[in-house]
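Peer 1: Residue numbering for the sequence shown follows UniProt numbering, starting at 1 and increasing by one per position.
For the record, the hints were derived by calculation from the structure and aren't laboratory data. A quick note: this is a predicted structure, and the numbers were derived from the prediction, not measured. Just to be clear, a hint being listed does not mean it is correct.
To be verified - Lysine to any residue pairs mimicking SDA-like chemistry, simulated, CA-CA at most 25 Å apart:
(1) LYS144 - LEU121
(2) LYS144 - ASP63
(3) LYS144 - LEU42
(4) LYS144 - GLY49
(5) LYS144 - GLY73
(6) LYS144 - ARG108
(7) LYS144 - GLU34
(8) LYS144 - LEU30
(9) LYS144 - PRO74
(10) LYS144 - LEU115
(11) LYS144 - PHE124
(12) LYS144 - ARG33
(13) LYS144 - ALA111
(14) LYS144 - GLU71
(15) LYS144 - ASP59
(16) LYS144 - LEU116
(17) LYS144 - GLU134
(18) LYS144 - ALA60
(19) LYS144 - GLY51
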Amino acid sequence: MNQVAHASGIGVGTVYRRFGDVSQLLWALLDDRERRFQEAYLSGPPPLGPGAPAARRLDAFLDAYVDRVVEQGPILLAAQSAAPTARYTNGAYLATHAHVTLLVAEARPDANAPLLAHLLLAPFSPSLIHHLTEERHLTADELKAGMRQLLHGDAPLDLHGTHGTHGTHDAHETR
Numbered sequence: 001m002n003q004v005a006h007a008s009g010i011g012v013g014t015v016y017r018r019f020g021d022v023s024q025l026l027w028a029l030l031d032d033r034e035r036r037f038q039e040a041y042l043s044g045p046p047p048l049g050p051g052a053p054a055a056r057r058l059d060a061f062l063d064a065y066v067d068r069v070v071e072q073g074p075i076l077l078a079a080q081s082a083a084p085t086a087r088y089t090n091g092a093y094l095a096t097h098a099h100v101t102l103l104v105a106e107a108r109p110d111a112n113a114p115l116l117a118h119l120l121l122a123p124f125s126p127s128l129i130h131h132l133t134e135e136r137h138l139t140a141d142e143l144k145a146g147m148r149q150l151l152h153g154d155a156p157l158d159l160h161g162t163h164g165t166h167g168t169h170d171a172h173e174t175r
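When you get a sec, could you build the whole thing from the sequences and use the hints?
Peer 2: Set out below in structure tokens:
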């Protein structure tokens, strides 16, 4: 806060009165990017924007969301560290959740869309994305492929070990 005040040529008290705390300042720094992201999925061209089937839009949205969280990860991580549930009460998350809820409801009218929206967004927590990209060295493309695999069951998980060889691991498991 001191550095922001100094760079802005205003007193630190003014910065605190305007933003309250560091996390609110960080959310403000992300605001313009968040607005552009929302414009893209609300009114941009398909498949991210309207005009494509809901399931295709959801795939495109989650791909774009991976890119967003990877790109803005350090700021998101710091902004969401203010409180354990800060992510879920922020306006950006609420808008994202509402959008994913609508897409899920359109694609699967029988589903509990609000719950599924939370579960679909859960893997995008900045701390997990940071861990996967910075510590496990996965790329955004690998994260997208993993999400598609999880969503579409391209290679079903064998939780009982009835298929394949026991004790083998692929490269991603060891990262």
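Peer 1: Each hint should be assessed against the structure and marked as holding or not.
Peer 2: Here's how the hints hold up against the structure:
no.	hint	in the structure
1	LYS144 - LEU121	holds (13 Å)
2	LYS144 - ASP63	holds (6 Å)
3	LYS144 - LEU42	holds (21 Å)
4	LYS144 - GLY49	holds (18 Å)
5	LYS144 - GLY73	holds (16 Å)
6	LYS144 - ARG108	holds (21 Å)
7	LYS144 - GLU34	holds (20 Å)
8	LYS144 - LEU30	holds (22 Å)
9	LYS144 - PRO74	holds (19 Å)
10	LYS144 - LEU115	holds (21 Å)
11	LYS144 - PHE124	holds (11 Å)
12	LYS144 - ARG33	holds (20 Å)
13	LYS144 - ALA111	holds (23 Å)
14	LYS144 - GLU71	holds (14 Å)
15	LYS144 - ASP59	holds (9 Å)
16	LYS144 - LEU116	holds (18 Å)
17	LYS144 - GLU134	holds (16 Å)
18	LYS144 - ALA60	holds (10 Å)
19	LYS144 - GLY51	holds (22 Å)
The structure agrees with every numbered hint stated previously.
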